[in-house]
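S.K.: All chains should be modelled from the sequences, with the hints used to inform the complete structure.
Residue numbers (my numbering), protein chains in the order written: chain U, 1 to 159; chain X, 160 to 360; chain B, 361 to 490.
Since the hints were derived computationally from the structure, they do not count as laboratory data.
Accuracy of the hints is not assured; some may be wrong.
[Stated by the list, open to error] The calculated DSS-like cross-link candidates involving lysine-lysine, where the alpha carbons are at most 27 Å apart (straight line), are:
| id | chain 1 | residue 1 | chain 2 | residue 2 |
| --- | --- | --- | --- | --- |
| 1 | X | K227 | B | K426 |
| 2 | X | K211 | U | K134 |
| 3 | U | K60 | U | K16 |
| 4 | B | K371 | X | K187 |
| 5 | X | K227 | U | K96 |
| 6 | U | K60 | U | K96 |
| 7 | U | K96 | X | K321 |
| 8 | X | K211 | U | K16 |
| 9 | U | K134 | X | K321 |
| 10 | B | K475 | X | K187 |
| 11 | U | K134 | X | K259 |
| 12 | U | K96 | X | K211 |
| 13 | U | K60 | X | K321 |
| 14 | U | K60 | X | K199 |
| 15 | B | K371 | X | K227 |
| 16 | U | K60 | X | K211 |
| 17 | B | K363 | B | K403 |
| 18 | U | K54 | X | K321 |
| 19 | X | K321 | U | K16 |
[Said to hold, decoys possible] Beyond 10 Å from chain U on every Cβ pair, some chain X residues (computed):
| id | residue |
| --- | --- |
| 20 | E171 |
| 21 | S186 |
| 22 | L324 |
All figures in this text were calculated on a predicted structure; none of them were measured in a lab.
In this text, a Cβ means the ideal position worked out from N, Cα and C, and glycines have one as well.
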Amino acid sequence: MDNTERMITVGVGDLKITQAPHVLKTLLGSCIGVVLHDPINKIGGLLHVMLPRKSGNDLKITKYANTGLPYFIYQMVTHTGASRGSLYAKIFGGAKMFETNGLFNIGESNELEVRQILKKEGIRIAASRTGGVKGYNILFDTETGDVTCRVFGESVIVY
Amino acid sequence: MNITQDRLKILEIMSSLSIDRASRALSKSLRTGARISLSKISIADFGETTEKMNEDQREMISVMVNFKGNEGCKLLFMLPLEGSLILTDLFLRQRIGTSKECDVFTESAIQELGNILASHISNALVSDFNAQLIPQPPQVHNDYAGVIFTNLVLEQGMIDDKLLLIETIFEISGTELECYLFLVPEMNSFVKLLDSIGVKT
Amino acid sequence: MKKILVVDDAKVIRMIIRQILTRNGFEIAGEAGNGREALEKYKELRPDAVTMDIVMPEVDGIQGLKEIIAFDKQAKVVMISAIDQRDSLVESLRHGAADYVVKPFEDDRMVAAIKNIFAKKQEDTVGSRQ
Chain U
1 MDNTERMITV GVGDLKITQA PHVLKTLLGS CIGVVLHDPI NKIGGLLHVM LPRKSGNDLK
61 ITKYANTGLP YFIYQMVTHT GASRGSLYAK IFGGAKMFET NGLFNIGESN ELEVRQILKK
121 EGIRIAASRT GGVKGYNILF DTETGDVTCR VFGESVIVY
Chain X
160 MNITQDRLKI LEIMSSLSID RASRALSKSL RTGARISLSK ISIADFGETT EKMNEDQREM
220 ISVMVNFKGN EGCKLLFMLP LEGSLILTDL FLRQRIGTSK ECDVFTESAI QELGNILASH
280 ISNALVSDFN AQLIPQPPQV HNDYAGVIFT NLVLEQGMID DKLLLIETIF EISGTELECY
340 LFLVPEMNSF VKLLDSIGVK T
Chain B
361 MKKILVVDDA KVIRMIIRQI LTRNGFEIAG EAGNGREALE KYKELRPDAV TMDIVMPEVD
421 GIQGLKEIIA FDKQAKVVMI SAIDQRDSLV ESLRHGAADY VVKPFEDDRM VAAIKNIFAK
481 KQEDTVGSRQ
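M.R.: Laid out in structure tokens, this is it:
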């Protein structure tokens, strides 16, 4: 399997779960990227949270922290065989993007909601990099659990 | 999000005509052949479209314009940072290669090109279809392509899993510039406009 | 030498207009980036004419035009905008704009617009003496 075959891109408001040797990648602005990793079974997922709470009825549940995160955990444990006890999270993104939408700092609200839900679910946040005003480029290696993160205009840091 | 194929077809014609107008204005601004043509108008899936754009991790300079009036719309013009130097030189009537790095002039040139594109698109919609919309001051931003695109469609994504998206092919003669130009019309207001001009299919 | 105040939110456009006008025998009194700054600079610099963009942040060019004309009924303001729409044109003329040039413009068209103002001004003066 070459490098491009290993890579899986995640869209905004989407969830993808996979296992080693795959690498999940996405770009984040005001959205929060939540990765969950089971280091024993080498299963990992990436949820791209767009908004804190679901409002409409017909919309995709993975867009929202309050519906997407519980669904993500459920999928990890029941459908992919990840062990709930070994799961940990890493979170990225939540930047304050430029104001074209008249939306007041969604990034911060997204982060708060994600942190609260993870706490309630008893999942530890092993690493995080959030805030700022620029986009995040992240690569999540399901083999190691490492997240390679590059904030626009800065150098690469591995979390 | 529902729209009939017939209405989509009319929107395609409206988009083509307005993009033609913008294309001519751009050629005049740059004093070289600039050809923008419609490549696709579609009801796109929000997740799939942003996924595709998230594949593009290049560092871009972008200009986004909101339109105000009876018809709502957003425009995004973006290109790789190095490409913006060529556009700046063309715009300032300098020899290509004069601009060496992105600075306030590059940003300002891209801002003005966004303004010209948006204004001429709205001019065509107003004169040809009785639309009422006027561009707001353009906003310039540097970031990853996917992040910029997401910011364009975020508001739409909050109310729907689909979005009406107009994609174009953008060519500037004598260069190999790769530019993106997207339009995101607010669908309900455009459907009302079609009603008002008698397109009730 | 006639002094012109150049108003546009885009730095490059201010630079282009500055180059064209100075090449054609005008002096640049100053620059402004929106309608509010335009009025402040107008009061401070008392230019002979103003070039005024329309779509600008904070205070747009139509409002800038209104305020300058309210301050000085004789002010000569040429609108220079990519907006080529009847409403915008009519509103500008109604509020006292001397001319309206659509972007992108040919250098000659812009220079002619400024020259015409002063040609008209002279005619007016001649007329009032008679």
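S.K.: Against each hint, give a clear statement of whether it holds in the structure.
M.R.: Hints, one by one, checked against the model:
Note on X/K227 and B/K426: the hinted pairing holds, with a Cα-Cα distance of about 21 Å set against a maximum of 27 Å. With a C-alpha separation of about 20 Å, the suggested pairing of X/K211 with U/K134 holds against the 27 Å cut-off. For the suggested pair U/K60 and U/K16, the alpha carbons sit about 14 Å apart, so the restraint of at most 27 Å is met. A threshold of 27 Å between alpha carbons decides the hint, and for B/K371 with X/K187 the separation of about 19 Å falls inside it, so the pair holds.
Taking the CA atoms of X/K227 and U/K96, the gap is about 24 Å. The hint holds against a cut of 27 Å. Distance hint between U/K60 and U/K96 is fulfilled; the C-alpha atoms sit about 24 Å from each other, no more than 27 Å. For the proposed pair U/K96 and X/K321, the alpha carbon gap of about 24 Å is at most 27 Å, so the pair holds. The hinted pair formed by X/K211 and U/K16 meets the criterion: a straight-line CA distance of about 14 Å does not exceed 27 Å.
With a C-alpha separation of about 26 Å, the suggested pairing of U/K134 with X/K321 holds against the 27 Å cut-off. In summary, the hint linking B/K475 to X/K187 is supported, as the alpha carbons are separated by about 23 Å, within the 27 Å threshold. Only pairs whose Cα atoms come within 27 Å are accepted, and U/K134 paired with X/K259 is accepted, the gap being roughly 24 Å. Restraint check for U/K96 and X/K211: satisfied, since their Cα atoms lie roughly 23 Å apart, inside the 27 Å limit.
For a cut-off of 27 Å, the pair hint linking U/K60 to X/K321 stands: about 11 Å separates their Cα positions. For the proposed pair U/K60 and X/K199, the alpha carbon gap of about 25 Å is at most 27 Å, so the pair holds. The straight-line distance between the Cα atoms of B/K371 and X/K227 is roughly 24 Å, inside the 27 Å bound, and the hint therefore holds. About 18 Å separates the Cα atoms of U/K60 and X/K211, which keeps this hinted pair within 27 Å; it holds.
For the hint pairing B/K363 with B/K403, the CA-to-CA distance comes to about 13 Å; that is within 27 Å, so the pair holds. Among the hinted pairs, U/K54 with X/K321 is consistent with the structure: their alpha-carbon atoms are about 16 Å apart, no more than 27 Å. A threshold of 27 Å between alpha carbons decides the hint, and for X/K321 with U/K16 the separation of about 19 Å falls inside it, so the pair holds. The claim that X/E171 lies off the interface holds: its Cβ sits roughly 25 Å from the closest Cβ of chain U, which is beyond the 10 Å cut-off.
The non-interface label for X/S186 is consistent with chain U: the shortest C-beta to C-beta separation is roughly 27 Å, beyond 10 Å. X/L324, annotated as away from the interface, keeps every beta carbon of chain U farther than 10 Å; the closest lies near 14 Å.
Hint violations for this structure: none, all hints satisfied.
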